[in-house]
Amino acid sequence: MESLNALFSLGFATALTPANLLWALLGCTLGTAIGVLPGVGPAVTVALLLPVTQSVDPTGALIMLAGVYYGAMFGGSTTSILLNTPGEAGSIVSALEGNKMAKAGRAGPALSTAAIGSFVAGSIATVLLTLLAPVIAGFALQLGPVETFALMMLTFAAVSAVLGNSPLKGFIALLLGLSMGLIGIESQSGQSRFTFGLMPLIDGIDIVVVAMGLFAIGETLYTATYENKIAGRIESLKGSFWMSKEDWKRSWKPWLRGTAIGFPFGTLPAGGTEMPTFLSYSAERKLASPEAQKEFGKGAIEGVAGPEAANNAAVTGTLVPLLTLGIPTSATAAIMLSAFQQYNIVPGPLLFDTNPELVWGLIASLYIGNVMLLVLNLPLVGLWVQFLKVPRPLLYGGIVVLATMGAYALRQSWFDLMLLYIIGVLGFMMRRFDFPVVPLVVGLIVGPMAEKHFRRAMSIHQGDLTVFLTHPISLAILVVTAAILIVPPLMKRRQKMLQAA
Amino acid sequence: MIKRVSGEQWLAFGIILLGLFMAWQLQDIPNDAGYAGIGPRFFPSLVVTGLIVAGGALLMQRRHSNGPDTILSDGENDAAEVEAEDEFARGDADWRMFAIASGSLIAHMALIGLVGFTLAGTLLCFGICRALETRRPTLDLVLSFVLALGLFHLFKTLGLNLPALMPGGVL
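Residue numbers (the numbering used here), protein chains in the order written: chain A, 1 to 501; chain B, 1001 to 1171.
Hints may be right or wrong, so weigh each one.
As the list claims (entries may be wrong) - Simulated DEER-style distance windows between Cβ atoms:
#, chain 1, residue 1, chain 2, residue 2, range
1, B, 1042, A, 389, 50 to 56 Å
2, B, 1042, A, 356, 33 to 39 Å
3, A, 13, B, 1010, 55 to 61 Å
4, A, 8, B, 1010, 54 to 60 Å
5, A, 341, B, 1133, 37 to 43 Å
6, A, 8, B, 1135, 51 to 57 Å
7, B, 1106, A, 462, 50 to 56 Å
8, B, 1133, A, 52, 28 to 34 Å
9, B, 1095, A, 472, 16 to 22 Å
As the list claims (entries may be wrong) - When the alpha-carbon atoms are kept at most 25 Å apart in a straight line, the in silico SDA-like pairs for lysine to any residue are as follows:
#, chain 1, residue 1, chain 2, residue 2
10, B, 1156, A, 54
11, A, 492, B, 1061
12, A, 253, A, 289
13, A, 389, B, 1061
14, A, 492, B, 1050
Simulated from the structure, these hints should not be mistaken for lab results. In this text, all values refer to a predicted model and were calculated from it rather than measured experimentally. Every residue gets a Cβ at the ideal spot worked out from N, C-alpha and C, and that includes glycine.
With these hints in hand, go ahead and build the complete structure from the sequences.
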């Protein structure tokens, strides 16, 4: 109840000021736009906005960045359904059924169920966030550096072992991120590390450069090299736009199930929106009525409703660990964390005491933003479809110019442009050889934090490494970490043996 | 298939080399400031070890299995389908286009201080359009210029400091 009180007295009071409403609207609109555009994701957009938001008041800026984050999930479905090119990783599954529906002349209901499902899921997930966040923050207050370090190890293990199809590649990506995070002055001793005597490296590698390099430059190089021959075809919006009674009847359960799958996944450090969407899709496929099951693969509405709800619930879910523990579980959340750091605000349990207006304003803005997005995506969907008509070469040209501008504006130095290109080539290679990118971004941001907590823990406990095992909470977290690493390979091996037998 | 495996092995070599290079650089980090034996060199040592071990594992994995080692359980079938589609979609590499995109980025890097943001940005945007095989280069050149000029003025108003060709800064 206390949290509801804070939400209404502080949160909505902050979020409903004209300026913050405008920031929310701007964020949601921008988010929808970049969600619709293939090739631009929320991570790169949030990174690009970082330098611009430096002079904006933190609450407004974070409201806008959050709007970009979940707005992209709304917009991404439009691209999946009409173009069969997922605008976002989280809407890959929606392309499976949604595009088939569009091909069969049912683009309208597909878009509707995606937008309404996202709204339902986003709203329920925000209620859960409102109720859960203060509880978790209260619990997190008891966590010292030992437990926090253990939690970070869990995050590392989960993002690298669970995402993607090869845990080893995930770990290599994580290690590359950790290595980049080491560059620059080490905060505790003031020693410079891996700067190779180069002055510009003393401040470390900026997250803006890394995000732009990986997501914008790497993606462009990949598209230029491998995907020039692939032509997309936009399905037109014809037939009835609204969902029939039958469509509603088939959609509401998948929405709720998608939310139930998506939200917990978002809160776990296993991160990302892909996993819950895949899970939701296979759940809907199994649970569908026999007639509907025949439609799967040919355009079943359940296959759009469930995953779209799941990805939105997951995005809201990622805000739980971000706000209460200060731990990001996705690439975009990691970049949002550096937005907090830019204002010298440390997300974590204390945030609810030190910056209540900011936290509750941000949470209240999610309720408002969801309504805005429903309006932006349902009646105005025709407008966003126009975005899909931007020719791809020009779209990528524009993205690259924006990326170079973002990198150059940091310090007015060609050095950052060179770093941008080098990281772009790295992103290209990672994409080419199927390395997940999220562990790299999380490693870069969380790595330095983990080191700080580790050394703090060591100085409190006189260098006694066993504290990680003697503190019960830390031990429990580390056991889960070990399980994440050990159990899946064992299961795989068992299955292999069973198959062989 | 053979080509793919060897590419990944090169990558594994690269990762090991990076690890070794960083190990060599470790010596430049003084290790005195540590509390309780944990100095600024401790964490980097862990990361470096990890890189070398993981790079080695990637190399060995490829030697043993000699092909993609993805075994998927039942639940992962859908993911596999999408991935198979993705794999199918990846055509032959067109390195000429990679070179055009890279060249545009490097030229932009060299030129931005000389000719200003607008002109360098126009060239870059146009170069990327060429790399993505645009079918209407002249129009794209014009639009690139309009875009770069628009961004230049938009972000100048927003307070971002971008280099201009002429003092006073219209371009």
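Hints and how they fare:
1. B/1042 x A/389: 50 to 56 Å: holds, 55 Å
2. B/1042 x A/356: 33 to 39 Å: holds, 37 Å
3. A/13 x B/1010: 55 to 61 Å: holds, 58 Å
4. A/8 x B/1010: 54 to 60 Å: Hint holds: Cβ distance 59 Å, inside 54 to 60 Å.
5. A/341 x B/1133: 37 to 43 Å: holds, 41 Å
6. A/8 x B/1135: 51 to 57 Å: holds, 56 Å
7. B/1106 x A/462: 50 to 56 Å: Given a distance of about 52 Å, which is inside 50 to 56 Å, the answer is holds.
8. B/1133 x A/52: 28 to 34 Å: holds, 32 Å
9. B/1095 x A/472: 16 to 22 Å: violated, 56 Å
10. B/1156 x A/54: Distance of about 15 Å is within 25 Å: holds.
11. A/492 x B/1061: holds, 16 Å
12. A/253 x A/289: With a Cα-Cα distance of about 12 Å, the restraint between residue 253 of chain A and residue 289 of chain A holds, given a limit of 25 Å.
13. A/389 x B/1061: Status violated; Cα separation ~44 Å.
14. A/492 x B/1050: Given pair residue 492 of chain A, residue 1050 of chain B holds - Cα atoms ~24 Å apart, limit 25 Å.
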